[in-house]
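J.: Residue numbers (the numbering used here), protein chains in the order written: chain B, 1 to 346; chain A, 1 to 346; chain U, 1 to 346; chain C, 1 to 346.
Bear in mind the hints are in silico, worked out from the structure with no lab data behind them. For clarity, every value in this text was computed on a predicted model and none was experimentally measured. Fair warning: there could be bad hints in the mix.
Copies of the same chain look alike in the list, so a pair counts if it fits in one copy or across any two.
[As the list claims (entries may be wrong)] Result set (DSSO-like, lysine-lysine): computed pairs, CA atoms no more than 27 Å apart in a straight line:
{"no.": "1", "residue 1": "312", "residue 2": "119"}
{"no.": "2", "residue 1": "224", "residue 2": "119"}
{"no.": "3", "residue 1": "164", "residue 2": "45"}
{"no.": "4", "residue 1": "223", "residue 2": "312"}
{"no.": "5", "residue 1": "339", "residue 2": "224"}
{"no.": "6", "residue 1": "312", "residue 2": "277"}
{"no.": "7", "residue 1": "304", "residue 2": "164"}
{"no.": "8", "residue 1": "223", "residue 2": "277"}
{"no.": "9", "residue 1": "304", "residue 2": "223"}
{"no.": "10", "residue 1": "164", "residue 2": "339"}
{"no.": "11", "residue 1": "119", "residue 2": "45"}
{"no.": "12", "residue 1": "339", "residue 2": "119"}
{"no.": "13", "residue 1": "223", "residue 2": "164"}
This is what each chain is made of:
Number of protein chains: 4
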Amino acid sequence: MYQFQCDYSEGAHQRIMDRMLETNLEQTPGYGEDHYCTQAREAIKSVLGRNDVDIHFLVGGTQANATVISSILRPYQGVLCADTGHINVHETGAIEHGGHKVLALPSFDGLLSAESIRKAMEDHLSEDGPEHTVQPGMVYISFSSETGTIYALQQIQEISSVCKEYGLPLFIDGARMGYGLASEGCDVTLSDIASLADVFYIGGTKQGALFGEAVVIVNESLKKDFRYFIKQNGGMLAKGRLLGIQFLTLFEDGLYFDLSRHAVSLALRIRDAFAAKEYEFLADSPSNQQFPILPNHIMESLSKDFRFSVWKSIDENHTAVRFCTSWATTEESVNALIKAIPPLYT
Amino acid sequence: MYQFQCDYSEGAHQRIMDRMLETNLEQTPGYGEDHYCTQAREAIKSVLGRNDVDIHFLVGGTQANATVISSILRPYQGVLCADTGHINVHETGAIEHGGHKVLALPSFDGLLSAESIRKAMEDHLSEDGPEHTVQPGMVYISFSSETGTIYALQQIQEISSVCKEYGLPLFIDGARMGYGLASEGCDVTLSDIASLADVFYIGGTKQGALFGEAVVIVNESLKKDFRYFIKQNGGMLAKGRLLGIQFLTLFEDGLYFDLSRHAVSLALRIRDAFAAKEYEFLADSPSNQQFPILPNHIMESLSKDFRFSVWKSIDENHTAVRFCTSWATTEESVNALIKAIPPLYT
Amino acid sequence: MYQFQCDYSEGAHQRIMDRMLETNLEQTPGYGEDHYCTQAREAIKSVLGRNDVDIHFLVGGTQANATVISSILRPYQGVLCADTGHINVHETGAIEHGGHKVLALPSFDGLLSAESIRKAMEDHLSEDGPEHTVQPGMVYISFSSETGTIYALQQIQEISSVCKEYGLPLFIDGARMGYGLASEGCDVTLSDIASLADVFYIGGTKQGALFGEAVVIVNESLKKDFRYFIKQNGGMLAKGRLLGIQFLTLFEDGLYFDLSRHAVSLALRIRDAFAAKEYEFLADSPSNQQFPILPNHIMESLSKDFRFSVWKSIDENHTAVRFCTSWATTEESVNALIKAIPPLYT
Amino acid sequence: MYQFQCDYSEGAHQRIMDRMLETNLEQTPGYGEDHYCTQAREAIKSVLGRNDVDIHFLVGGTQANATVISSILRPYQGVLCADTGHINVHETGAIEHGGHKVLALPSFDGLLSAESIRKAMEDHLSEDGPEHTVQPGMVYISFSSETGTIYALQQIQEISSVCKEYGLPLFIDGARMGYGLASEGCDVTLSDIASLADVFYIGGTKQGALFGEAVVIVNESLKKDFRYFIKQNGGMLAKGRLLGIQFLTLFEDGLYFDLSRHAVSLALRIRDAFAAKEYEFLADSPSNQQFPILPNHIMESLSKDFRFSVWKSIDENHTAVRFCTSWATTEESVNALIKAIPPLYT
């Protein structure tokens, strides 16, 4: 069985495992105050080319989202996001559990537009009695998005600009940041992200680590007391060095980006193979998630040897599915898949 | 200036004011444990024709909604409602502040369908890993709705039926319960409401009282410890007898229904007058709120002598507005309005 | 039966009732934006001798406390208060429901000391890893306190001073503000309160109104968007003018203070009568609540004609009880009580 | 420098690291639904000698506490615990963030008594208007406690009995469960815990794992939908197998208990060495945490070669400190410490 179901099926890259083993009996302070965390922060800052950011390591994405959003919003504020946004659909109401409404806006291909943010703000401000409705207090976007698509640099610039105009901090969920940056045609760099977002995180869990997300706080006014938020939200890992070791390994010499490119190049081979056989796609994804639309009988026959996600029913006879590659996907499994794709019409 | 802006512009019906004055220096226990509250509960039970319900008096609608919903849902559950539902759009996120996602479903004319509830449940249950999404835990509908429309008895029966099938308590927001029941063509009675809902409330604020909403808990399993919820949500009025006196006056001899009929009959005269002059309406409302669509120049000219709500822009030149009648609306003001409606085309 | 059980047994002062009746059919905007609210704000500002405060009217005390505290604290902060504070013991966890820990400190006679606040802050700041504990974020005191006692001006100055030193907003719960200010020996004025507190409220419910608490926000940085907090916490009264009318009547010509003095002078007569017969007291209260310690057989015999609260068991044979006077207490009932007090030893 | 500061300074036991390495590239489903988690659950059930429990693996203790407590309490309920309880003092208000008051009761040596639970319940139930106060809804105790002490079997039986009498689920925080069970004189077994608690967890983080706590739900009525709680609270680890692998290794052949005994025996040697030199202790701990009281000059001289925690100032000249051993503590370091302890009086 070849695995394309998700990007978190394996453990971690071998170099991470080796480093964990080597350092296993070393005694360090807990809670992210050890020297590996310090070094990992330095390595990331060096990649970002800036020193004026705060970096915190959390274990998972839902936790990172809930913690960051909790740290930004006032109680009566909500977070604007695409209706496909992870916080809106796949976090069991963690944001609402923290007291905040997720203000979902219509998305196109998983992306949010600057115009829709502007409209939401104008609608709110023009209300007769705005205090009867939730005040938009920040914007959340995902890079790459939940459907594999990415924003062009200009789109993020426009979003950032409208955010600044209305005083809305911009938070970028980077659970798949590396895969987004390595996407075909991507004109965005991690430095761009850092100069346009107020907060963002760099995902480790889906990108070669056992677990871990590196939250980068750029906006000075959002830095204060963030560790209290981490602890209160149950995200303060006792042996924080585990996170430091992993991010240090990923960022000290570019491993993170190498692994991202690996995954994307294999995903694009899968995309091209389906396209060559005239399959259509749910969205035009340039990254590590591909969503071909399969006739149901083909979906079934492929599922005998390949594991993938059933994404969305298109019509009675067709289903969009997701093939996901990762840092751990092998050439061999991609070759097998490509070989197995049947012609669309027979 | 004639007032049609809302149904809470005046104080209370004279009989309520008189009763408050008469009883003013009487000494009673606080917090809803006085004999007026007891009598008011009896009066409402008598109208409902049943004794097996718990009745609590709260001050306002947002408070009633937040308190009831907080008492029903588990932390990971959300409340299904129409996207036009008051809890979704006009309560500043009070439900989310209590930790719960409002699961808004597409509405038609402000109403929710049994089918959409069923679909939401099936979608949730059929997910691969439903625990990653908010579990629907109850259903909220408004009677009459926020756009003046009402459910037919059969529609509520269908909703109640699908709710029972999936174990979802049904909560009916009756901020305008009386106006709904008095609507043209309404085939629903308050007894029907009590036999189909698990909890509902009977609005006083917009229906002749100074303030107050009577929460009726029908479902045995939802009765326990409700007073704790009231207190925790800041809704335990110290001089609770003020609520008892008002609801006693409204329900001991049918005043509530008389006032409701009064308001609706005047609203229908307004509707008929606009219709006679070929105006169209945003929704086909049989109750005390009417939403004619006005050319903007007519909207402006009418606004010189009449106060009404601007509801929704229809196009560049037309706007839907709301004319609202209440227990306090006078024949005279309605006559003046009817006389002032210009022909649509001149 | 003579009533001394609490200070909210009756309705409202006759002048309030009259004004409500006179204005009953007037049409006004809702939600506190009517001209009575405006005038009431002006009347209070005039008494305070300052224009630079924001004033909002809420219905009840628990609601006022939850709303104000929610508007001040960040999610990881708690509120320092006396362990006898109303928010700690009698609000069913409303503050915790809003996400915040009540950080109760030992009280003396219902009061909090500047020293204990300083110690709490120093303890927190000196922790190795303060982010593992709740950060004190504000201070709550009651004037008069839950046990009838009052702070001397110097005590509040010291508390305010330590609050400023540590950046802790000071919030004064004035559910019984008038009774406190009218207390025997009180050297505090409402202007002092306004110059020392960051936020406080002036209670109406227990002081001559049907209901209502006037929240006064002094600190500029706490004013923003407060109406959102009111709405979200279910405290935005539709017919807000009811609050405006009441506070206007209480404050336009000193009625509030007259009523307070009336209640306190009667309470002191009760105190003196018990003292003259050598009864002891739970606390030395100079305000409208008196807590004599009664032998149980005397408690029982008095309870035949007088209603009062059982407060605290002192030992097997003695109980502290509470006699409460209010704006509505009559000379006659106090005379009857005084006459009925038996000698302590017979 | 010899490390006795805490029990989470190192990574994990070598066998855990080996197993992680071996399985690193295996592809498994996420979120705790893999076969390692299944096997780990079986291993723990086998040790417990019962099959009728649900087991879930979470990453950390604060998360486990917040998630379990959130799953048990109704919104107006609080959790009874010792004032020294971890949830009361060291979790940055995570429980309050979830909406619940921590009802701290006086502790003796870090323990809670059945009597104090009974008294808290009786006090609540005997209130005139209990709905004005937080209702106790469950009991939380720690085994071993935050100060190293343990409950005797009879004490837990008494606590469990009073809990059953009042319908309070009993939750045992077992962050140091193994060290507690291995304590000198302990007459409690893990099976006892399972038969007396409604929910408990078995700590991994401090007991040989990289991280992880195994929540065991015994009470049938608390099992429903627990995975929703985990996800909502940010505790659903994507690569859940990491938790499964660790707990499988710890429980398949008794490693967990071996490591616990190792730590405790070394701690007792430290205790005996201090006692032999006539030092006193803050509490009489039979487990892996020892709290000798040191003259400050001795504290300083020892701190040159040994790292330990400063726990509590006793008087001007004396301080209670904590020496903590763990699965990773070496004989050598204990020997060094014992040798270095100076006579108390010289």
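J.: Now look at each hint and say whether the structure bears it out.
T.: Going down the list of hints, with the structure as the test:
Within a single copy, residue 312 and residue 119 get their C-alpha atoms only as close as 29 Å, which misses the 27 Å cut-off; across copies the closest is 15 Å, which meets it. With identical chains, the CA atoms of residue 224 and residue 119 are at most 27 Å apart between copies only, with a shortest distance of 23 Å across copies and 31 Å within one. Taking the closest pair of Cα atoms, residue 164 and residue 45 come within 27 Å of each other only inside a single copy of the chain (24 Å); across copies the shortest separation is 37 Å, beyond that limit. Within a single copy, residue 223 and residue 312 get their C-alpha atoms no closer than 40 Å, and across copies no closer than 31 Å, so neither meets the 27 Å cut-off.
Taking identical chains as interchangeable, the C-alpha atoms of residue 339 and residue 224 are never at most 27 Å apart, the minima being 54 Å within one chain and 45 Å between chains. Within a single copy, residue 312 and residue 277 get their C-alpha atoms as close as 21 Å, which meets the 27 Å cut-off; across copies the closest is 49 Å, which misses it. Taking the shortest Cα distances, residue 304 and residue 164 never come within 27 Å of each other, neither inside one copy (51 Å) nor across copies (39 Å). Taking the shortest Cα distances, residue 223 and residue 277 never come within 27 Å of each other, neither inside one copy (51 Å) nor across copies (49 Å).
In the homo-oligomer, the alpha carbons of residue 304 and residue 223 never lie at most 27 Å apart, since the shortest distance is 50 Å inside one protomer and 35 Å across protomers. With identical chains, the CA atoms of residue 164 and residue 339 are never at most 27 Å apart, being 49 Å at best within one copy and 50 Å at best between copies. Taking CA atoms no more than 27 Å apart as the test, residue 119 paired with residue 45 passes in neither setting, with 35 Å inside one copy and 39 Å between copies. Proximity of residue 339 and residue 119 under a CA criterion of 27 Å is satisfied in neither setting, with 47 Å inside one chain copy and 38 Å between copies.
When the C-alpha separation of residue 223 and residue 164 is checked against a cutoff of 27 Å, the pair qualifies both within a copy, at 18 Å, and between copies, at 23 Å.
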